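Residue numbers (my numbering), protein chains in the order written: chain A, 45 to 436; chain B, 45 to 436; chain C, 45 to 436; chain D, 45 to 436.
A hint or two may mislead.
Since the list can't tell identical chains apart, any single copy or any two copies may satisfy a pair.
[Unchecked claim] Below, computed lysine to aspartate or glutamate pairings styled on EDC-like, alpha-carbon distance capped at 16 Å: (1) Lys132 with Asp349; (2) Lys177 with Glu51; (3) Lys423 with Asp349; (4) Lys100 with Asp126; (5) Lys366 with Asp200; (6) Lys198 with Glu360; (7) Lys399 with Asp165; (8) Lys69 with Glu286; (9) Lys100 with Glu113.
Hints listed in this document are in silico derivations from the structure and should not be mistaken for laboratory results.
Keep in mind that this is a model prediction, so the values were computed, not measured.
4 protein chains.
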Amino acid sequence: MALMTGEQYEESLRKLNLEVYMFGKRVENPVDDPILRPSLNSLKETYVLAQMPEYKDLMTTKSHITGNEINRFTHIHQSTTDLMNKVKMQRLLGQRTAACFQRCVGMDANNALYSTTFEIDQKYGTNYHERFKKFLQYVQDNDLTVDGAMTDTKGDRGKAPHEQADPDLYLRVVERREDGVVVRGCKAHQTGICNSHEVLVMPTIAMKEDDKDYAISFAIPTDTKGIKLIIGRQSCDTRKTEGGCLDCGNCTYGGVEALTIFDDVFVPNDRIFLNGEYDFAGMIVERFAGFHRQSYGGCKVGVGDVLIGATALAAEYNGAAKASHVKDKLIEMVHLNETLFCGGIACSAQGSATKSGSYIIDLLLANVCKQNVTRFLTKSEGLLRTSPEASW
Amino acid sequence: MALMTGEQYEESLRKLNLEVYMFGKRVENPVDDPILRPSLNSLKETYVLAQMPEYKDLMTTKSHITGNEINRFTHIHQSTTDLMNKVKMQRLLGQRTAACFQRCVGMDANNALYSTTFEIDQKYGTNYHERFKKFLQYVQDNDLTVDGAMTDTKGDRGKAPHEQADPDLYLRVVERREDGVVVRGCKAHQTGICNSHEVLVMPTIAMKEDDKDYAISFAIPTDTKGIKLIIGRQSCDTRKTEGGCLDCGNCTYGGVEALTIFDDVFVPNDRIFLNGEYDFAGMIVERFAGFHRQSYGGCKVGVGDVLIGATALAAEYNGAAKASHVKDKLIEMVHLNETLFCGGIACSAQGSATKSGSYIIDLLLANVCKQNVTRFLTKSEGLLRTSPEASW
Amino acid sequence: MALMTGEQYEESLRKLNLEVYMFGKRVENPVDDPILRPSLNSLKETYVLAQMPEYKDLMTTKSHITGNEINRFTHIHQSTTDLMNKVKMQRLLGQRTAACFQRCVGMDANNALYSTTFEIDQKYGTNYHERFKKFLQYVQDNDLTVDGAMTDTKGDRGKAPHEQADPDLYLRVVERREDGVVVRGCKAHQTGICNSHEVLVMPTIAMKEDDKDYAISFAIPTDTKGIKLIIGRQSCDTRKTEGGCLDCGNCTYGGVEALTIFDDVFVPNDRIFLNGEYDFAGMIVERFAGFHRQSYGGCKVGVGDVLIGATALAAEYNGAAKASHVKDKLIEMVHLNETLFCGGIACSAQGSATKSGSYIIDLLLANVCKQNVTRFLTKSEGLLRTSPEASW
Amino acid sequence: MALMTGEQYEESLRKLNLEVYMFGKRVENPVDDPILRPSLNSLKETYVLAQMPEYKDLMTTKSHITGNEINRFTHIHQSTTDLMNKVKMQRLLGQRTAACFQRCVGMDANNALYSTTFEIDQKYGTNYHERFKKFLQYVQDNDLTVDGAMTDTKGDRGKAPHEQADPDLYLRVVERREDGVVVRGCKAHQTGICNSHEVLVMPTIAMKEDDKDYAISFAIPTDTKGIKLIIGRQSCDTRKTEGGCLDCGNCTYGGVEALTIFDDVFVPNDRIFLNGEYDFAGMIVERFAGFHRQSYGGCKVGVGDVLIGATALAAEYNGAAKASHVKDKLIEMVHLNETLFCGGIACSAQGSATKSGSYIIDLLLANVCKQNVTRFLTKSEGLLRTSPEASW
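Please construct the entire structure, taking both the sequences and the accompanying hints into account.
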């Protein structure tokens with residue numbers, strides 16, 4: 045099958061029967077909802093750019109399973125070059141959208157599961173890896189978007205999942221059947237899930253034996269019966285319903301997050317990738333987190349590029365572009381932004397092969413990358429706030 | 045006359061005939077408007093606390109003009125103790141409102157004008173100081189709130205007021221009459237003006253002879269004919285119209301800013317405090333800015349106290365209060381917040397008498413104080429963002 | 045008795061029979077030793093400036109015991125103004141010496157003991173306060189320099205004094221006699237002790253009952269039998285013996301620290317100020333530390349003034365004084381330095397009376413002050429290192 | 045020819061007839077001088093490790109000219125892998141010596157000259173590139189150490205070389221002969237020159253036509269007649285003459301810098317690589333600086349590894365290893381150190397081919413790398429200073 049165009053992607057979302065809620069009521073048509081639309085536009089760019097000749101090399105690659113051309117977002121990294129290209133693709137998309145384009149979480153989850161299922165099978169003689177490859181090929185063949193779902197609601201951070209006052213604070217298996225399992229629980233602030241075809245669920249922390257029912261990983265369509273998406277508020281969300289772009293911020297692109305409830309949802313066996321092997325929960329978390337920390341060294345840098353450009357433009361509009369303190373701040377923003385990029389590139393260049401053959405980043409450097417992202421975005425904002433105008 | 049109660053203050057605002065605009069149309073009843081109301085509540089606390097025995101010492105003092113009891117917000121500082129009490133009063137109000145309470149700008153403007161008019165008169169033989177004292181006594185006697193209006197819209201920062209493409213980018217005198225002047229222009233983002241009785245206008249930068257018409261300072265009632273207030277947007281402003289407190293942030297208190305247009309407004313002679321003596325424009329700006337930089341060492345610290353408490357409470361709710369990295373961050377927030385307070389106290393303790401007899405802060409230390417406020421608020425936010433939860 | 049002149053101070057040191065060691069052998073004449081001399085010069089300035097009319101107000105005050113004129117370094121603070129004047133005196137001396145002038149530790153120890161002995165007596169009916177006042181008057185009358193000795197060698201930081209493998213790692217009472225006690229142990233890096241007449245020993249941490257023998261405070265002459273001073277190395281110490289000022293750094297003034305061994309030293313009863321009341325060890329430490337943290341908000345700021353001036357001079361010599369990034373760094377150094385001063389002033393202005401009537405700083409703000417000192421000195425150095433010259 | 049062993053390297057230095065001065069007199073035997081020896085030991089490690097099987101892959105490579113095995117320090121980078129291996133080799137040596145090992149400057153200078161001479165020849169039809177390759181092959185064949193000499197003494201930073209009051213403040217050609225040129229001037233603080241066989245001189249800034257005589261680059265033996273090395277002081281240099289390791293810091297390894305005077309030194313034509321083509325002075329500086337900024341992302345990280353280990357050991361010795369604030373600081377030091385490594389790796393991974401075919405780092409990222417090195421070393425020191433012990 046071929047890559048989807050942006051339009052085909054949009055049409056594919058219309059066909060989903062998602063159960064989306066916002067402001068206390070069901071959203072009948074999420075695709076055209078003015079508040080949700082910018083997030084769809086943002087994700088759609090991952091399809092649009094893959095069709096543009098100038099970005100094809102970065103946006104697409106060959107499937108190591110089928111040899112077919114696929115969107116890099118559905119790829120399993122086969123080399124350190126792949127890892128670096130991932131980061132460069134993310135920087136490009138950050139520059140195009142100045143927003144979250146949401147398709148990274150699933151890519152990172154796929155890469156975490158691909159290598160971990162291989163190692164579970166080695167230890168337990170299970171066949172999760174084959175199951176996962178089948179799911180992956182389906183995603184690649186159909187150019188689907190996958191939401192990676194990790195963060196549970198957690199409750200008391202000092203307690204394990206099974207110790208919580210409410211047993212459903214972490215997602216768990218509540219029924220085991222011949223043909224699959226029934227899961228109950230909730231994954232918090234799921235980035236881009238209402239623009240995704242599949243949701244790939246993972247545990248959120250390392251676990252011990254008592255948490256066996258919580259040690260579950262699987263993938264199912266986002267419109268599976270029992271999945272309910274409650275859209276989270278964003279600071280100026282309703283402005284998009286007021287008409288016009290004034291005061292809207294980024295009115296074309298945006299991100300979206302949903303509290304995702306699994307209300308006794310059935311998962312068939314062939315979509316289960318971890319089921320009780322609690323000692324591998326930590327590995328999934330660590331690898332997903334590692335890949336996602338790497339991601340920040342790309343996407344946030346792209347958004348940073350836009351912010352720096354916008355700042356330079358604002359300085360020019362105000363006749364302040366030649367002031368030495370303004371130039372210094374722009375230079376410092378560039379310095380911080382490129383330091384983040386160094387993290388993304390370095391953890392990729394220092395990557396290595398997993399037992400499954402796929403490539404993983406250097407976990408320490410990926411963590412360093414993410415720490416700096418968290419620190420430096422705030423620093424850049426701080427620079428903007430300490431303008432002379434703000435000094436009264 | 046006595047101090048106003050909170051209710052009397054609210055009633056006094058109802059009697060004003062303000063020309064307020066929001067979302068493109070006139071707001072008929074700003075006092076009860078759900079979006080504007082929290083800002084009124086916030087300013088009202090400056091009246092409410094002045095009536096409470098436990099805060100009376102801090103909130104009120106004796107007028108150096110009449111000897112009567114007045115609200116400290118209408119006071120001219122007579123000692124370094126007065127300057128320190130100002131900061132402590134602001135910290136208290138920050139703690140009570142966790143928001144901007146808007147009455148500082150006028151207090152700082154009054155103190156800047158009081159001392160500067162004295163020095164203008166010494167040089168030019170004018171009688172601005174007596175005029176200003178008369179205005180001040182009126183404010184003290186009636187316990188009024190004054191908005192201090194400084195920031196012009198500016199246009200090209202590299203050009204002087206008279207060099208701008210549009211001569212009205214800085215507020216200026218467009219007509220000179222026997223009994224006063226007519227002014228035209230605009231003051232940007234005027235904090236609390238829709239909750240104020242009077243507006244005290246000042247120049248926004250040091251000026252030279254060619255900017256003589258822009259060297260104008262005066263005070264007039266906020267509902268003077270020709271004054272139009274256009275409310276600025278705040279990130280979640282319309283949520284206050286949705287009902288309920290969920291997702292509203294601080295739903296009781298808040299700040300407000302208005303683009304304030306002076307559409308050929310007449311100012312009578314006895315309310316003019318600078319009129320063409322351009323060489324004193326810089327002194328007004330410097331003194332106002334100095335007093336206002338000091339203010340930040342109080343109000344932001346009070347708001348910081350609330351943020352630290354809220355953070356500690358959130359940690360407790362999540363079962364994370366004993367985690368060493370969480371405690372470290374709370375300690376760091378306290379450290380940063382108290383460093384700001386040190387700035388507010390130190391520039392006050394190192395204050396000195398002006399030629400008029402009133403007291404002024406140490407301008408260098410006040411500037412240091414404000415720089416740290418601008419830096420450290422961002423730092424505290426950065427600490428909150430670098431929680432382990434945020435590190436994926 | 046009158047204040048000593050600088051020469052009288054120097055002569056008084058010659059009369060001491062100190063047991064000083066350096067490079068493994070006894071220093072017969074520490075006063076004229078080329079390595080030690082700069083530290084004496086530095087402390088001597090506290091006497092020299094007290095004789096200069098322009099500094100008399102800051103350097104001297106009236107004894108609250110005798111009413112006589114005394115050097116402020118021997119004073120017990122009687123008001124927040126006294127506390128602020130202490131900081132200003134320290135800034136002045138930092139500017140004069142660009143080094144440690146060593147007389148603060150004793151001043152801070154005196155103020156800690158004065159107020160704490162009063163409270164011990166209130167609880168236990170002891171007469172430490174009177175004893176201490178007698179000692180203090182002797183110091184004031186003779187214009188002596190006191191070394192405050194706190195830091196024990198400590199060993200395993202995770203263990204209490206009595207739990208250490210070697211019982212002498214913390215200074216302790218090894219014999220109790222009718223007329224006094226015999227103490228054994230060691231105080232590490234004692235600033236200025238070889239330029240001091242008396243040493244005032246304090247515990248170094250809060251203690252419990254098992255550490256009773258370690259809960260001891262007293263003052264004795266620095267040349268008491270059994271006290272041995274081993275001079276600590278400083279990075280370029282021997283350069284002062286090479287002749288000339290080139291490559292010597294600050295060749296006129298400097299600091300000095302000595303490992304001070306108490307080799308079974310007898311302390312007479314009238315010089316003992318704490319003896320087993322272990323529950324007050326923490327109060328002494330906290331108050332001494334508080335006063336000393338305040339001190340840093342003065343002395344380091346004075347040294348900072350010299351560094352900033354030297355940096356500006358170096359920029360000028362190199363033809364770089366007008367470069368915007370050089371000016372920015374100088375401004376930033378001023379900003380950091382004045383923030384430290386804010387800490388020193390603010391903890392003083394917010395001081396309060398102790399039960400004994402003497403004044404103590406605000407302990408929280410003093411801690412904030414010291415934290416910033418530790419952080420910002422490094423920051424200033426960092427600014428110097430990031431010059432373009434250093435960027436290859 | 046084969047790689048030199050450590051001993052052979054040492055012997056080769058004994059054969060040099062260097063004119064070295066220290067403390068105002070000639071050092072007859074620099075190889076065995078106790079102050080200079082640690083720096084020789086440090087550089088010697090670059091030879092020693094190249095002989096050890098476990099480090100051979102990193103320390104040696106194949107010459108792209110002869111195909112022979114060479115020490116990587118004499119290599120011209122042929123790929124991004126080469127660039128990354130350079131950084132990893134430097135981190136290894138930093139870990140081994142905890143000091144500067146001095147051989148990087150020449151490596152970086154070689155790589156700058158190799159590519160730049162190619163481009164000069166393209167523009168001007170000169171034959172510098174062949175000359176340089178000949179010199180390079182000689183260095184590779186004999187496994188020599190080259191000192192890269194750039195920094196002139198400069199005088200007034202606001203003036204060009206030819207505008208200085210003293211025409212010799214920048215090194216220049218004072219005589220032009222048939223067979224070569226005579227140069228006069230001085231290169232400041234030349235790292236490792238007394239442990240080097242050859243010195244490769246480069247201009248220090250971009251130049252214009254009037255500075256033509258200053259646009260000179262060449263390589264000559266370090267014991268060429270007229271070259272005088274005046275050893276710079278280091279803070280504790282003479283301690284190494286006191287006997288024992290106590291208080292010596294790093295007593296085995298170290299760095300060294302010499303003010304290097306060129307007192308009318310003759311340079312033969314075949315060793316001249318730039319001679320008046322002033323428009324290429326900037327390219328040499330930029331490329332050398334870029335390579336050297338990359339170097340810091342390796343060597344300083346290795347030294348950082350030692351500092352972190354030493355800090356952890358000190359904490360353990362003091363019984364403080366489990367204190368959460370101590371662990372936090374160690375983690376932060378690791379974070380900062382690995383961020384520097386990210387810079388070194390990233391600018392290498394993003395490298396590209398020059399016109400000559402050799403590889404060059406990404407210049408922007410190399411600059412970012414060096415900026416962070418300069419900032420973070422100070423930060424790490426700051427962490428060490430803010431221990432609780434330091435907080436009185």
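Hints and how they fare:
1. Lys132 with Asp349: Answer is within: at 13 Å inside a copy they meet the 16 Å cutoff, but 30 Å across does not.
2. Lys177 with Glu51: neither (27 Å within a copy, 58 Å between copies)
3. Lys423 with Asp349: within (15 Å within a copy, 22 Å between copies)
4. Lys100 with Asp126: For lysine 100 and aspartate 126, the Cα distance is within 16 Å only inside one copy (14 Å; across copies 29 Å).
5. Lys366 with Asp200: Between. Shortest inter-copy distance 12 Å satisfies the 16 Å Cα cut-off; intra-copy 53 Å does not.
6. Lys198 with Glu360: between (47 Å within a copy, 14 Å between copies)
7. Lys399 with Asp165: Only inside one copy: lysine 399 and aspartate 165 sit 11 Å apart there, 50 Å across copies, limit 16 Å.
8. Lys69 with Glu286: between (19 Å within a copy, 14 Å between copies)
9. Lys100 with Glu113: Classified as within: same-chain Cα gap 10 Å, cross-chain 41 Å, threshold 16 Å.
Checked against the numbered hints above, the structure violates only hint 2.
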